[in-house]
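**Student:** Read off the chains here:
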Amino acid sequence: MSSAVITGVGVVSAFGFGARVFFDALADGRSAVGPIRSFDAATFPTRVAGEVPVQAIRAALLAERLGDLAAPGALERWEGDGMLRDRKLAFGLIAAAEAWRAAACGAAEREASLSLALGLEQAFLEDFEPFFRVDRGSPNAAPAASAEVDWAAEPGAALPRVRLRSPVDLCAQVTSKLLRLEGPSFVHTSACAAGGLAVAHAAALIDRGAASIVLCGGADSMVNPFGIGGMSRLNAPSPRNEPDACRPFDRRRDGLVIGEGAAAFVVEHEARARARGARPLARVLGWGSTQDAYRATAPRPDGSAACAAMKRALERARLAPEAIGYINAHGTGTPLNDPAEVKAIRGALGRHAEAVAVSSIKGAVGHLMAASGAIEIAACLLPFEHDLLPGTAHHRERDPECDLDILGERPRRATVEAVLSNSFGFGGQNVSVVLGRCAS
Amino acid sequence: MKLIVGRERARGRVGVVGAGAVSAFGFGWRGLGEAVAAGRPGFAPSRELAASHPGTPASEVPPIPDAEDAGDARQRKLMSRPARLAAIGARKALVDAGWREATRAGRGAAASASAPSPIGYFLGVGASGASMTEVTALLRASFDDRGFSVARCGEHGLNACNPLFPFQILNNFTLCHGAILEGLGGPNAAFYSRGAGTVTALLEAAYSILEGDCEQALAGGADSALHPVTFCELRRGGHLQGGLVPGEGAGLLALARIPAGASITSSAEPGAPPAPLAMLEACALESAGSRGLQGAYDAAVASIPGEAVDVVILAPWGDAPRRALHDRASVSFPAARLIDMSAALGDALAASPALAWITALDLLVARAARRVLVLSAGIDGDLGAVVLAGVGSGPEGSAPVHALEGSS
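If you're matching them up, the sequences are chains A and B in order. Quick note on this note's numbering: the first sequence kicks off at 830 and runs consecutively. Quick note on this note's numbering: the second sequence kicks off at 4 and runs consecutively.
Since the hints were derived computationally from the structure, they do not count as laboratory data. Beta carbons are placed, not taken as given, at the ideal position from N, Cα and C, and that holds for glycine. Be careful, since some hints might not be right.
Claimed, not checked - Listed next, the stretches of chain B that the computed footprint assigns to chain A, with coverage defined by at least 3 CB atoms under 8 Å from CB atoms of chain A: (1) 18 to 29; (2) 165 to 178; (3) 182 to 193; (4) 284 to 292.
The task is simple: from the sequences and hints, build the whole structure.
**Tutor:** Below, the structure written as structure tokens:
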């Protein structure tokens, strides 16, 4: 059994800032998906998202959230350098700071390593303007069809630090610096599986003796023109621009809703946590990862690779399927993912699949992409902290293809000892993580 | 953090049983050690940068022959250049290890929907390398006379590019395309790498083998600095002015568990796994943190006996770490030959550490070295140290090497 326990959590979600806000909303069975406000999406095919309720990230917002963690003037410099345009940087930092404080970490914990799941670079399309020869003479004129990028036109001086695109690991760099972490940084870029992998990696580092404390989790935002536009081109989001656009496991499901935010955890060796008086919220019991190796554009329909990830997670946790009381499903609400996941759950849990409660929070907060596994592991703390299983927002009509005990919109009161969280990424990367209740 | 394989013997050891490399020197790894050790530069004006930054000297992969290429034309439209290089490298590593016949890809198209093989796959990857043709099409349709228009982007820009274009952008697809094409279904992860992240990929692959997640795994890195946006970033960061020659490539090691007590020099017994080409003896990743790169170096190499290493390959990202590591390594390993990989292969970012391991492998197999230390470092300050050791006799007829017994 793993010695890794979670002692602190921080969350930024469409419900707002803070783990408490997130847990309360899940306990109330609320949903936070709504019209995109951070940019004008009127001409985009996708116009709703699980968007963090802040229009533009400014230094003042970070100052309010980070308090004395930030050095004087640093946040203003970041804003001037264009760094805050990448929303996930702020979300990741704020969640990390909350987890760090919640776990009562101090100078002695700065030996921590960092294992963070981050989404792809945010592209700043407006920064390409100097490279294009634009006919400014006539109204509504676009560049000539033959126009090419003139790379020689890049201004030679006074360029902001972050330009054209943000570095993938920018959030990890600033988090490590802000909290003055001494351990190595690991940046997981395994798309929607990255968050689960980052937490699993943290537990693995603890069990191997390679670290005694790890700050881990994920942050992502694709709520920007390039992110929303790119996903729309793939026809992944629901075509309905309604607050209930994502309806996991529902017969009428027709696509996902893009979300944004972050979740961070302090994971440490149980003996270390107990010695310093930190309260373990849950134990990371086991994990397993596999690859569909099927198609770039679709999950393996029989769910066999996802099933193998779940089985390996149970094996590592040394648990029988019957020990699992709740599954937080990947549950994207797409026509192909949900039935494949149901098959995978049946394969992994056998007859117990009929008895286990299953839900997805993606209808409530959207699909946080690289951070989805992390925020869903945060949701898995609700059963241990409050004896509540999160519901499945907008799941109203049962689908014969998804005939498990899918929780409806309201949470269910239950006491469970172990839960399983699934994350299945674009490109076929799968990870399952098992968490267990800690003795108080 | 360290993996000292000698300390993990109860669970077996990790051997290198094959490799795949794509670099400026071509499609393969035999001879890479000789070329790099000779400091023979593979630099020429870049074709990839010809339209954006003409005349830029680079360490660039030669034009890809059909026989070497990954996937078909339709599949390649979904690939960034690093993904394409990684897929080629993965296939070559599988072939080299003798594993490809057992993979789905090796069994042909009829098996394409069948279960994948349980081989693990861990990769250090870099920034997105999407085709600028697609980006340009999107941008061109998104500008009006006042500049970039979000409204035009939604209305016209999105429809101007290939709908599957996002698959070129997602960083994890540098790993996933190869996994899909080759049917690699085992444990896997992609790590963003400024150098050290690729060492994490090797560490995780080795641990996956030792912890029983898989028996075999590919580990390495793939990247290209020959993308116009990446090139702009390197210039803006002062790296080009500091002498960095942009490079690209992919390097994959095929790793297998060598059971405790098994011979590493012979595979005479029927059914025995192939003898390894080299052994992974140590793999360490240390953070500079407040102690700086030199402190990280000291921690990483503390358990590596200096007299046992006869070659040190320097493969950091950027000029300043390279000079710092050169100075430290020449003191720690006074008898060792120091090889600067960038002098031959430039800086291939996430691919550099992996190409350095394969350079080391070639030197070991050619009996030009007995034990090679590869040092990697990123501009984020983390440092990786990997020790590969030859099997069988060394250049001076020495006895087979043994796993290091170190401490963490």
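**Student:** Hint by hint, which ones does this structure get wrong, listed from lowest number up?
**Tutor:** 1
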